[in-house]
Amino acid sequence: MQYIPNFLFALALGFGVWFFYNNVRKLIRNIKLGKEADVSGDRSERWSNMARIALGQSKMVVRPIAGFLHIIVYVGFIIINIEVLEIILDGLLGTHRLFAFLGGTYDFLIASFEILAFLVIVSVVIFWLRRNVIRLQRFLKPEMKGWPKQDGNLILYIELVLMFLFLTMNGADYQLQQMGAEHYAQAGSFPISQFLAPVFQGLSESTLIIIERGAWWLHILGILFFLNYLYYSKHLHILLAFPNTFYGRVKPQGQFNNLASVTNEVKLMMDPNADPFAADAGTEDAGEPEKFGASDVTDLNWVQLMNAYTCTECGRCTSECPANQTGKKLSPRKIMMDTRDRLEEVGKNMDANKGTFVPDGKQLLDDYITREELWACTTCNACVQACPVSIDPLSIIVEMRRYLVMEQSAAPTELNNMMSNIENNGAPWPYNQMDRLNWVNE
Amino acid sequence: MSEQLKVKTMEAFLAEGKQPEILFWVGSAGSYDDRAKKISRAFVRLLNKAEVDFAVLGPEESSTGDVAKRAGNEFLFQMQAMMNIELLNGYEIKRIVTCDPHSFNTIKNEYPSLGGTYEVLHHTQYLKELIDAGRLSLTGNEYKGKRVTFHDPCYLGRANNVYEAPRNVLAKTNANLVEMKRNKQTALCCGAGGAQMFKEPEKGDMDINVLRTKDALETNPDIIATGCPYCNTMMTDGIKAHEKEDSVTVLDVAELLANSL
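Top line first, the protein sequences correspond to chains A and B.
For what it's worth, our numbering labels the leading residue of the first sequence as 1, then goes sequentially.
For what it's worth, our numbering labels the leading residue of the second sequence as 443, then goes sequentially.
Looking at chain A on its own, in the form it has when it is part of the complex (with noise of 0.2 Å):
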């Protein structure tokens, strides 16, 4: 009998995790739906930009406000995670503060959660204020409207949620020490939750302990189910945006990739003696021709899917893009949710159909991103310098360009001038070759 709450404790946390492992396997199932990428570099560069961009969040500083918050609730998630290591032991083995040997050490230990729980509080009450009451604009575009703002304001509340809880246990611990009650041994410092006092006054010992395991209860489920809302939510970036960093543009931002396949038909096409067949033979075995850009998140490389699932929809790209700041339809992060939300459609689809994609008749392409926003960039580059955590939206966007211009010949027509122009005259204009060092003698 007395083993029942770590029966039910283990059956929690094992089915918590489980559900974990299976929302994460099905994330790098369809992150790997992404082609091969481009992931050479100095890799000592790539830990480096880890450490400084996720790990120190270098640029999440870049505005000082929201950097400074989001710091607190980011050092008081990794830091009260010491203390969720002592529940989970203390859940399993029945045990109570299972670390209260440390001494000195443990009082320092709790006095900072303590601390840092405060803090986080005072945070997020300060992001909810933004989001829903100085209404800042980047939290309001169209893209933010029903899920993703619910989303915000969720994870919101998960966390006041969950640091309440974790200061009542303290609270209702601490008024327990003091009663000498049976199993709670004096341990630990209480800088926050001793001012609780109040609320617990004249309780009796029982219910204290009810209030007491309550909330240790609450505080350690809410965990398993925040754990849980992760994947189905834009707070994926607490563990992606690690990856995302190591992965990200170690390359200057002005350099695009070449497309291999064209390198090949160009080459093709300029050496007269070239034999393509036996270029062909080498470099397609399938068959069928490589299609050029993308027109559905299969033909993007998995950086770019991973990219889109890392977007936390914090819109300092949008912010920061020039063609949404003068009206026009792209948001930069509007291209990341849109890739997501069709990554998540093929994955439910396959999810459905055995683990094999049914078509079903859409594509990112016009039913996700319309061309008018791919059209209204101006690859200043402005949104990937912008982004916290090393998210490129610009080259999803030329990729879509690349594949509106080779597949379907379909760019705006002046844009089509410019490039026959090119082609016929080596200049975007409708001048003369031989022209060229006019401007010498003018």
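None of these hints come from the bench; they were simulated from the model.
As the structure is a prediction and not an experimental result, all values here were calculated from the model.
All residues carry an ideal CB built from backbone N, CA and C; glycine is no exception.
Among these hints, one or two may not hold up.
[What the hints assert, rightly or not] Per label pair, the in silico range of CB-to-CB distance:
#1 A:Ser-58 - B:Leu-456: 46 to 52 Å
#2 A:Asn-424 - B:Leu-456: 57 to 63 Å
#3 A:Leu-140 - B:Asn-610: 38 to 44 Å
#4 A:Asn-417 - B:Glu-463: 51 to 57 Å
#5 A:Phe-108 - B:Arg-624: 32 to 38 Å
#6 B:Thr-581 - A:Glu-290: 55 to 61 Å
#7 A:Lys-267 - B:Asp-476: 48 to 54 Å
#8 B:Asp-476 - A:Asn-132: 49 to 55 Å
#9 A:Asn-353 - B:Glu-642: 53 to 59 Å
#10 B:His-684 - A:Glu-414: 42 to 48 Å
#11 B:His-684 - A:Pro-430: 30 to 36 Å
Using the hints, position chain B against chain A.
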């Protein structure tokens, strides 16, 4: 302009069996656009003054293909790139200088994997080099105390992290350099990039160049300095939209320097 410029083609160098110090990649805008041609001329005046042994490709030069690439036409880009690379490699070109950040970016970053590896400099970087080496000195005081604000071209700044060279050489004119609120990494695009130069903008409530010019005008400048022929056009149009063409001029860094000789 009446001043005679000394410009020699690569073909002429080859005929003499010589190699130039640098190849000046003029670019399509610098060759044909009336406003940008003045920038090419100003830059050559500086090169002549510093007695730089430079060459141009002249009628052999062709579009880098950059704008086709940004528009999504990878085929056309690679065709142009490979033709240019064949030419440049044939002439054994080592160092290229250009006034166009778009050519700068694409030759520097996108040509190597297609077989064309060169040292590529933006003209502001090369001018800095000439000044630092004592080959070029500015004695004029045309811009002394004038308020000059530099607009960072996206393909020089964010794309390649070149922020200091243009500011550094501008300072040599003794102008009073003032920064816009959004500068360097956070500079707003002029609106011409990504092939927008060649098409009408999508529906919106403002043109990007008008917004960017507003940033510049907030610094109360006498001159808006640019380092890109496309930015130059966009900012000049922006000034007109704000009806400030009488009090504010848009000039390339090379022009400011050439006028300070």
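Verification of the supplied hints:
Under the hint 46 to 52 Å, the C-beta atoms of A:Ser-58 and B:Leu-456, about 50 Å apart, fit the expected range. One distance hint, 57 to 63 Å for the beta-carbon pair A:Asn-424 and B:Leu-456, is violated here, with the actual separation near 27 Å. A beta carbon spacing of about 41 Å between A:Leu-140 and B:Asn-610 agrees with the range 38 to 44 Å that was offered as a hint. Taken as a hint, the range 51 to 57 Å is violated for the pair A:Asn-417 and B:Glu-463, whose Cβ atoms sit roughly 38 Å apart.
Between A:Phe-108 and B:Arg-624 the Cβ separation comes to about 44 Å, which falls outside the hinted range of 32 to 38 Å. Separated by about 59 Å at the C-beta atoms, B:Thr-581 and A:Glu-290 satisfy the suggested range of 55 to 61 Å. In this structure the supplied range 48 to 54 Å is violated for A:Lys-267 paired with B:Asp-476, their Cβ-Cβ distance being about 37 Å. Range check, B:Asp-476 to A:Asn-132: Cβ separation about 53 Å, and the 49 to 55 Å hint holds.
Distance hint check: the CB atoms of A:Asn-353 and B:Glu-642 are about 44 Å apart, inconsistent with the given range 53 to 59 Å. Our hint of 42 to 48 Å for B:His-684 and A:Glu-414 is violated, since their Cβ atoms are close to 25 Å apart. Hint check: B:His-684 to A:Pro-430, Cβ distance near 31 Å, so the stated range 30 to 36 Å holds.
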